[in-house]
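Colleague: Just need the whole structure built from these sequences, with the hints factored in.
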Amino acid sequence: MEERWSTEHVLSLAPDQASLKAAGKLSGPAPWSGAGWEQGVLWGLCKGSGSTPYRAAVELATPAYKCSCPSRKFPCKHVLGLLLLWSAGAAEIAEGAERPDWVAEWMAGRQAAVEQKTARQQVRAETADPAAARRRVERRTARVSAGAQELRLRLADGVRRGLADHAAGAADWEQVAARMVDAQAPGLASKVRELAYTPQQGLLTGYALLHLLAGAWGRVDELPEELAATVRTRVGFTADTAELLAGPTVRDRWLVLGSRDTADDRLTTRRLWLRGAKTGRPALLLAFGRPGQAPELALPAGQSLEAELAFHPGARPLRAVLGQRYGAPEAGPAEPPAGLSPAEAVAGYGAAVADDPWLESWPVVLSEVVPVLGPEGWQLTDGRSAVAVRRGSVPEAALWRLAALSAGHPVTLFGECGPAGFAPVTAWAGQGRPVGVGQ
Amino acid sequence: MTTPTTTLETADGWAELETAALLGTDRRALPEPAGPAALLAAAAAVDRTDPAVALLDLAALVAVRRRAGAVALPAPELPPAAAPDARPELPEAAARRLAVLVGGRTAGAAPANLAELLPQWLEAAVAHGYRLPGSLVPPLLDAARARSELRAPAVALAGPLGRWLADRNQDWRFVHRTAAEPAEADAGPQVWQEGLFAERVTHLVRLRRERPQDALELLASTWPTERAEDRVLFLDALQEGLSAADEPFLEAALTDRSKNVRATAAELLSTLPGSAFATRMAERARAVVRLEGRRLTVSPPAECDAGMQRDGIPPKSPTGRGERAWWFGEIVAAAPLALWAADTGLGPDQLLRLPVGDGGTDWTDDLREAWARAAVRQQDADWARALLGPVPRPGRAGRTAGSPARLLSVLPAAERSAWTAAFVQTHGLGDAFQLLGACATPWTPPLSTAVVAALERAAGSGAYPWSHSGVLGMTERALAPEAAPAVAALAADAAPDTAWAETFDRLAGTLRFRAAMLAELVGRAG
Numbered sequence: 001m002e003e004r005w006s007t008e009h010v011l012s013l014a015p016d017q018a019s020l021k022a023a024g025k026l027s028g029p030a031p032w033s034g035a036g037w038e039q040g041v042l043w044g045l046c047k048g049s050g051s052t053p054y055r056a057a058v059e060l061a062t063p064a065y066k067c068s069c070p071s072r073k074f075p076c077k078h079v080l081g082l083l084l085l086w087s088a089g090a091a092e093i094a095e096g097a098e099r100p101d102w103v104a105e106w107m108a109g110r111q112a113a114v115e116q117k118t119a120r121q122q123v124r125a126e127t128a129d130p131a132a133a134r135r136r137v138e139r140r141t142a143r144v145s146a147g148a149q150e151l152r153l154r155l156a157d158g159v160r161r162g163l164a165d166h167a168a169g170a171a172d173w174e175q176v177a178a179r180m181v182d183a184q185a186p187g188l189a190s191k192v193r194e195l196a197y198t199p200q201q202g203l204l205t206g207y208a209l210l211h212l213l214a215g216a217w218g219r220v221d222e223l224p225e226e227l228a229a230t231v232r233t234r235v236g237f238t239a240d241t242a243e244l245l246a247g248p249t250v251r252d253r254w255l256v257l258g259s260r261d262t263a264d265d266r267l268t269t270r271r272l273w274l275r276g277a278k279t280g281r282p283a284l285l286l287a288f289g290r291p292g293q294a295p296e297l298a299l300p301a302g303q304s305l306e307a308e309l310a311f312h313p314g315a316r317p318l319r320a321v322l323g324q325r326y327g328a329p330e331a332g333p334a335e336p337p338a339g340l341s342p343a344e345a346v347a348g349y350g351a352a353v354a355d356d357p358w359l360e361s362w363p364v365v366l367s368e369v370v371p372v373l374g375p376e377g378w379q380l381t382d383g384r385s386a387v388a389v390r391r392g393s394v395p396e397a398a399l400w401r402l403a404a405l406s407a408g409h410p411v412t413l414f415g416e417c418g419p420a421g422f423a424p425v426t427a428w429a430g431q432g433r434p435v436g437v438g439q
Numbered sequence: 001m002t003t004p005t006t007t008l009e010t011a012d013g014w015a016e017l018e019t020a021a022l023l024g025t026d027r028r029a030l031p032e033p034a035g036p037a038a039l040l041a042a043a044a045a046v047d048r049t050d051p052a053v054a055l056l057d058l059a060a061l062v063a064v065r066r067r068a069g070a071v072a073l074p075a076p077e078l079p080p081a082a083a084p085d086a087r088p089e090l091p092e093a094a095a096r097r098l099a100v101l102v103g104g105r106t107a108g109a110a111p112a113n114l115a116e117l118l119p120q121w122l123e124a125a126v127a128h129g130y131r132l133p134g135s136l137v138p139p140l141l142d143a144a145r146a147r148s149e150l151r152a153p154a155v156a157l158a159g160p161l162g163r164w165l166a167d168r169n170q171d172w173r174f175v176h177r178t179a180a181e182p183a184e185a186d187a188g189p190q191v192w193q194e195g196l197f198a199e200r201v202t203h204l205v206r207l208r209r210e211r212p213q214d215a216l217e218l219l220a221s222t223w224p225t226e227r228a229e230d231r232v233l234f235l236d237a238l239q240e241g242l243s244a245a246d247e248p249f250l251e252a253a254l255t256d257r258s259k260n261v262r263a264t265a266a267e268l269l270s271t272l273p274g275s276a277f278a279t280r281m282a283e284r285a286r287a288v289v290r291l292e293g294r295r296l297t298v299s300p301p302a303e304c305d306a307g308m309q310r311d312g313i314p315p316k317s318p319t320g321r322g323e324r325a326w327w328f329g330e331i332v333a334a335a336p337l338a339l340w341a342a343d344t345g346l347g348p349d350q351l352l353r354l355p356v357g358d359g360g361t362d363w364t365d366d367l368r369e370a371w372a373r374a375a376v377r378q379q380d381a382d383w384a385r386a387l388l389g390p391v392p393r394p395g396r397a398g399r400t401a402g403s404p405a406r407l408l409s410v411l412p413a414a415e416r417s418a419w420t421a422a423f424v425q426t427h428g429l430g431d432a433f434q435l436l437g438a439c440a441t442p443w444t445p446p447l448s449t450a451v452v453a454a455l456e457r458a459a460g461s462g463a464y465p466w467s468h469s470g471v472l473g474m475t476e477r478a479l480a481p482e483a484a485p486a487v488a489a490l491a492a493d494a495a496p497d498t499a500w501a502e503t504f505d506r507l508a509g510t511l512r513f514r515a516a517m518l519a520e521l522v523g524r525a526g
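Those protein sequences? They're chains U and S, same order as listed. Our numbering numbers the first residue of the first sequence as 1 and each following residue consecutively. Our numbering numbers the first residue of the second sequence as 1 and each following residue consecutively.
Hints are supplied without guarantee of correctness; some may be wrong.
Footprint (simulated), chain U over chain S, 3 or more residues, beta carbon under 8 Å [as the list claims (entries may be wrong)]:
(1) 19–26
(2) 50–57
(3) 65–71
(4) 79–93
(5) 154–168
Since the hints were made in silico from the structure, they are not lab data. Note that CB positions come from ideal geometry on N, CA and C, so glycine has one too.
Modeller: Here's what the structure looks like:
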């Protein structure tokens, strides 16, 4: 039987604060009956305001949730409450109980749906018309090229008039971004939008790198294959998950180094960073949730997972998709992951930039560093070299928690190293368990 | 441009490119490339037909070169690490609980009044002698910064790490001013000479606890130069560890310039039974109350003479009562209670049963009131018990003199709870707030049972829960965990969707929360 999840793990699944609060009220044994836990499935009946209790169930491995309540939140407060009760080790949840019919039906239905999906994908792959697909790609390529050309003209115009006027033209840049969306180049569009809000000191760099990207698209066919793939991705072409998984995959025991959620009004994005135990390769998984829904993929730092990953192609492959898993995630090694010195980490980012000039950061584990607050802000040092903590990457309070965790002693830190410094994500103090820095 | 990582080469023409870009190539010529040979070679390949495009090409070259060539910063000086902390680490479940309580996350499993439960959690954790996980210390210090009643336990728990953090973050400077551990002998003279007022009080209190005589000498050394309002509070610090050795100093303070200082000194002296002050007050008390046959005869003083005034008795009655009655009360309240048994051979019970008078006026209440004040001041349990008497019968206001809650506070904990339980059984919760507040927490099972039963009666009588909100708040903090099933039963039996159902639900939830929280600290719920 697998381990119970930690309360943090359960909390990380909540779609929003309101759900957490509501779930807290359901995390006591009082509203629950008929609860059980067996072979990776957890279920229970929750007394609501109506006469029939709600049926909540969780399949722990995926995880997948089900509840008979009408809530649009996902997972809903009943599922979260059940998970909280379970994570607290409540005796009311009978371990090894026989699953009731409604749970068995749901599990069977899930199994069938998974099989159907695989079948559909096969059918689609077989019936796809390669000629039509090629025509679609050609049409899009032509539109992107027109967009990139227009962008180069706009950037050159900006430099001709002077970037001192840039701030006045923020609305114009919104328009250019919209034009890039029309040109089916969403990667260029988001870079243009970023440019509209870039402070003056970073403007020329932003202009120059975007100019370089638009120019690179113009001769993408002449570039080496990997760099061409990088340019395509950055311009906004996405790789199809199924296609990626059909290609070469890397099987390894992937240690979860950390995760971070960012949310805007349209989407919650979860970044999960992994490192292969055998290959040493870094990997980044992205998972998305609609507003009010937590991304489904939840892997706490410190766990490790035996699985196949398929990497998006590029000069510096990092982003990957999760393929076949072999077993559930388990607790990883007790000791902190091996890492680099600040000097090596900065040099490592430089080497990565040499492969992909648009790279804003590279994931890295720093070993034996002490957070120090100096007149220039927070720095991480091993006594020989140092790297700054990127301003604004985590709240000030989080840095004080990190300082307290270290108490002036060296810690291991996972994060992203970039031109503006290091953005911490996870910390290990001594032989302690990983602690998220940002939250 | 401030770059957190330094670049390997700054003479690469970037500044010139930036200036030209800011002003615009319409106004500014394209700068000549600069920098090392490799960069110059790459720059030479740039097509210069359109200066704007050329500038962007050149800027891209330099920008990417700068990023790829970033090197680490020189190491700053390493500050000293926090002193080691040998206490055992807090159990994991308890650490999660603390994270919820300090509100870093308003996570699940949070009923009612987390703010009310935090002090209890802290006291319990201090008693167990745990060390906190480092990352929980900053949020705890933030909480204690906002709520001063949390400071002492928070600082004790934070330990050396708390002091290390306070050295680095102005927000947590209070840590250094909060008494949490024994006075550090070497810090003494300097803090006393140069410290802020709060730091000095803290230092004095700590020193008094350890070496009362040294504390007295320290205070005496600067006494004449202290401000009057500070003198009052410093004098208060002597209450702990008061002994005959303090008498000369306090006697001298009776002639202080400040009225409040004089009154405080008199109050302290009145709790020193063998003092000259006590002897003087005993003399005065004998003159105003005499045992004549089987009755106590009262003859209140005719004036407030200089000696009485020197011993802290104000000549003007602040309450508006008759001045003679006021002086009488002050004398009896400040006189050592032991004198009555010594003079009359009667115990407090017997004395309290005697009729009192001066022939005309009934002085019974005045005398009881003064004795009650004396019992509280002198912490005399026998007198307090006698004055409290048994719990008054229903419908009777009772003849308890003074404040019953204050008399109760003199009694041992078990007796306090038993008396209050009996009171609640008879009188309900209406007047029980202060009495309950005087009882040790968590409440004993009998007291808890009495309170739960009284709540049930209150719910049954149709009263509104909010008329008992003070008692309910206290109940959440103090009810014995053993009472949880009884409360859960009340919650189940209450008419659904009524205010009482919600009240009992909440109470039951809080009790569960408290029980779990205390069990985690023992390590049982792992």
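Colleague: For each hint, tell me whether it holds in the structure or not.
Modeller: Going through the hints against the structure:
no.	hint	verdict
1	19–26	holds (count 6)
2	50–57	holds (count 7)
3	65–71	holds (count 6)
4	79–93	holds (count 4)
5	154–168	holds (count 4)
Hint compliance for this structure: every hint is met.
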